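K.L.:
This is what each chain is made of:
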Amino acid sequence: MKRSSVGRAWIFVAALVIGVVFLAPIVALLSRVDNVVLQETLQKKTFTTSLMTTLVTAGAGSGLSVFFALFFARTFALYSWRAKRVARLVLLIPFLIPNFVLATAYVIAWNPGTGLLNSFVKFPFGLYGTWGLIVLFAVSHMPIAFLIFEDRLRRIDSSLREAARLSGAGAIRIFLKIDLPLVSPSIWGALALCFALNIAAFAIPAWIGAPERAYTLSYRIYQSIQLGGLDGFPQAASYGLVLFALVLPTLLILALAHRGGKKYETISAKASRVRVEEPQGRSWVFFQFAFATYHLFAWLAPLSMLFASTLVPRGCLQANGLACLSELNFLTYRYVLLELPETHSALTGTFIYGPLSALLILVLSLLLLMTFRESKWAVRSSELTFLLASSTPGAVIALGLIMVLSGRFGINLYNTAWIVVAAFMVKHMNLAFQPLRAGLDSISGSLVEAARLSGASRSETWRRILLPILRPELIGGFFLVLVPILGELTMSVFLVSPQYHSVGTLLFDLQDYADQSSAAALSILLVGTVLLLNELTVRLTNGRLGY
Amino acid sequence: MMATFNIKGLKKNYGRTEILKGIDLSVAEGEFVSLLGPSGSGKTTILRCIAGLERPDAGELTMGRDKLSSQTDFVPPEKRQLGMVFQNYAVWPHMTVFENVAFPFRVNRLERKSPTEISRLVRAALDLVRLKPYELRYPHELSGGQQQRVALARALAMSPRALLLDEPLSNLDAVLREELGAEIRRLQQELKLTTILVTHDRREALSLSDRIIVLEGGKIEAEGSPESLYQNPPTAFVASFISGGQTMQVRGASRTLLPRRWRVATGAVGESKIVSRIYLGNEYEYWAENPDYAEKIRFFAPEKIEIGKSVALEYEA
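Residue numbers (the working numbering), protein chains in the order written: chain A, 1 to 547; chain B, 1 to 317.
Chain A on its own, in the form it takes in the complex (with noise of 0.2 angstroms):
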């Protein structure tokens, strides 16, 4: 059923006005790049050392996330065991739980000072500084590799590896040999994707390369506003345009990696096969060894050690060691939630405005559907607007909706709560649009023709036809919207105002304070939140999303 002419110029209108709504703070904050400004920080030995600071860390730690992720989702994706669900939490835990919060655990764990675990486990080369940013992104975004991987191998047609281990080939040739050429583009992508979250990070840069003066680009936006107020914007412009460029060729890498991936699609006919088979032998064992050594020290005795310094007297671990753990008490959680005059807005922040952008993002993508539902160039204009914003680093976001929403324009929501919402808006859009419209893609058109032929109409069918069957990427999509704003930090850091504080804003606070118990006690009431909202997540979806 073909729109009118009036409905096509309705589109066409919507989509431009998406476009350029979502698009303006990026266009905003790069028109504002100083030429002269530019020249000078460029020239900086400062802008040097960041940028090398920021290639080595997001290269070597996206490339540290690659390897984990292809070895642990090698046997996800061709092996089924009892525990195999929980395993495969245990393994995405570090990208549920907020990047600040894994910065937080491993400060207690590891800060060359007072770190509880020292006398047990030196961190290599020290924590703060390029090593522990590279160990820290490649932790916090292997899961986000492992999850395309883990897709991309089991797609696989199982026949392919017989048919190489009838040729003779051993387990480790298959992996060379088929697995890997399959899932090459894949790997391309998982790597630019890495590198394009590892260098628009803030919080790991800001609790472990701060300390050690290793400054990325995202770091130095930071600090020319905190330094220069509004003066420093056109410094912090020109890191945001840097920023930008560099994340623009990860886009296209990405864009190249999907186009292979369907030159390797090997599952498309009814005929292939996927086999999960059990698994047994030496390989499994080296595997079980592998998988516990990886996490026990990725996250599960940092964030111990961030429980266990929430259940002792403030300060006491710091001073006594372990022995504290004698003394167990929940005192540290009272003070946070009680005492501690900054918890009531900063939970205020995080649970009001957090679901409600969530909210306002999951209507404004259904409207948007609702409206593109019989174009196809309007939603992929839309998508590849949202893909753009949620491309875009936090802070490059963050500083534009500064310069677009300070009355400049008629709209002055600066120091209020919406520019945050407005921030993740832009930012996370992405998030809920995509299932929505892969979820309405997979409905068959016919479902829709035979509600029209039985007499309902557009709206009657949206309804009682694909609203109901939407249902669990319409919650599905509020979840996983909500988990990275929880966790969000990098754009609240810059939009903080007296009306706006997060837990991740008094996170950093507390932090800078050197309050770890406090930051302790809040990080795992956030992580709590986290894990049950994804707990929630998979069961009101069957399954279908949430981890």
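Think of the hints as simulated: they come from the structure by calculation, not from any bench. Be careful, since some hints might not be right.
To be verified - Here are a few chain B residues that sit away from chain A, every Cβ distance over 10 angstroms (derived from the structure):
#, residue
1, 113
2, 201
3, 207
4, 228
Claimed, not checked - DEER-style ranges, computed between Cβ atoms:
#, chain 1, residue 1, chain 2, residue 2, range
5, B, 159, A, 12, 50 to 60 angstroms
6, A, 12, B, 228, 25 to 35 angstroms
7, B, 189, A, 471, 33 to 43 angstroms
8, B, 159, A, 8, 33 to 43 angstroms
9, B, 228, A, 457, 37 to 47 angstroms
10, B, 67, A, 13, 30 to 40 angstroms
11, A, 37, B, 76, 32 to 42 angstroms
12, A, 13, B, 22, 33 to 43 angstroms
13, B, 67, A, 380, 29 to 39 angstroms
14, A, 407, B, 67, 51 to 61 angstroms
15, A, 44, B, 16, 54 to 64 angstroms
16, B, 117, A, 542, 33 to 43 angstroms
Just so you know, these numbers come straight off a predicted model, no measurement behind them. Even for Gly, the Cβ is constructed at its ideal location relative to N, Cα and C.
Dock chain B against chain A, hints included.
P.N.:
Then chain B, alone, in the frame of chain A:
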């Protein structure tokens, strides 16, 4: 109220591709008409234009006295009162069998019905397709054949002015296909319902229809009763598509020969040498070489003839 369809000069393009090149056809009240043709012939597009799911670029479409579509008018699908059964069932997965069939009543604002009345009508429709015991089940708890029956019940429940069938049997296995085909025909005759079936399966069209319209390249190639089209195909394409006919060069002239018109002359030894044989259950299908024909002759015979043997074949003109 049953309907008579009249279609004049129906045209439809997708981009630069001409899908329908000016279709004229009519379907009488209570008639079962099949639109038969290969992929891309435009048969589904005609059905979707009748349903209102596609807006024609040109032409006029009327149902009874109502103009459904013309240059100036277009009645949306929800106002046409047509029942349609889709190839992929299109049974809503979040509704039970009962709710699926009741849906048309629940969304029809013009003829509001009480819940009791809706229950009665839905159960009557389910009874028609023998699905009454399944009314509380969800589609994923049904077989493919049962799902297609739900779709049929839904289409019939609202007493449509006509029934449109878009390859409704092609996703089913052979046994179910025959069974449901026979049931569709039984219901159509019982309800005297104007029915248009889209299919690329000649056996389906031959066994179910009162009339077949053969389409090729967006145009009507031929139309007629199943018997007349099968026995006297008017064109080489129809002969090939419906009767499995062969167009061959015979002594310099091009002729269309139907495999069922060949007879084996008993006792005579001829020049046709059997090169291939397939057992079909009640008869055999043969391929034979004959020096007078450029290609192998295809024919059917009840008796078993050894491969390599030469027989005399006679063609009944």
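K.L.:
Each hint should be assessed against the structure and marked as holding or not.
P.N.:
Each hint, compared with the structure:
no., hint, in the structure
1, 113, "holds (12 angstroms)"
2, 201, "holds (19 angstroms)"
3, 207, "holds (25 angstroms)"
4, 228, "holds (33 angstroms)"
5, B:159 x A:12: 50 to 60 angstroms, "violated (42 angstroms)"
6, A:12 x B:228: 25 to 35 angstroms, "violated (52 angstroms)"
7, B:189 x A:471: 33 to 43 angstroms, "holds (42 angstroms)"
8, B:159 x A:8: 33 to 43 angstroms, "holds (36 angstroms)"
9, B:228 x A:457: 37 to 47 angstroms, "holds (44 angstroms)"
10, B:67 x A:13: 30 to 40 angstroms, "holds (33 angstroms)"
11, A:37 x B:76: 32 to 42 angstroms, "violated (59 angstroms)"
12, A:13 x B:22: 33 to 43 angstroms, "holds (36 angstroms)"
13, B:67 x A:380: 29 to 39 angstroms, "holds (37 angstroms)"
14, A:407 x B:67: 51 to 61 angstroms, "holds (57 angstroms)"
15, A:44 x B:16: 54 to 64 angstroms, "holds (58 angstroms)"
16, B:117 x A:542: 33 to 43 angstroms, "holds (36 angstroms)"
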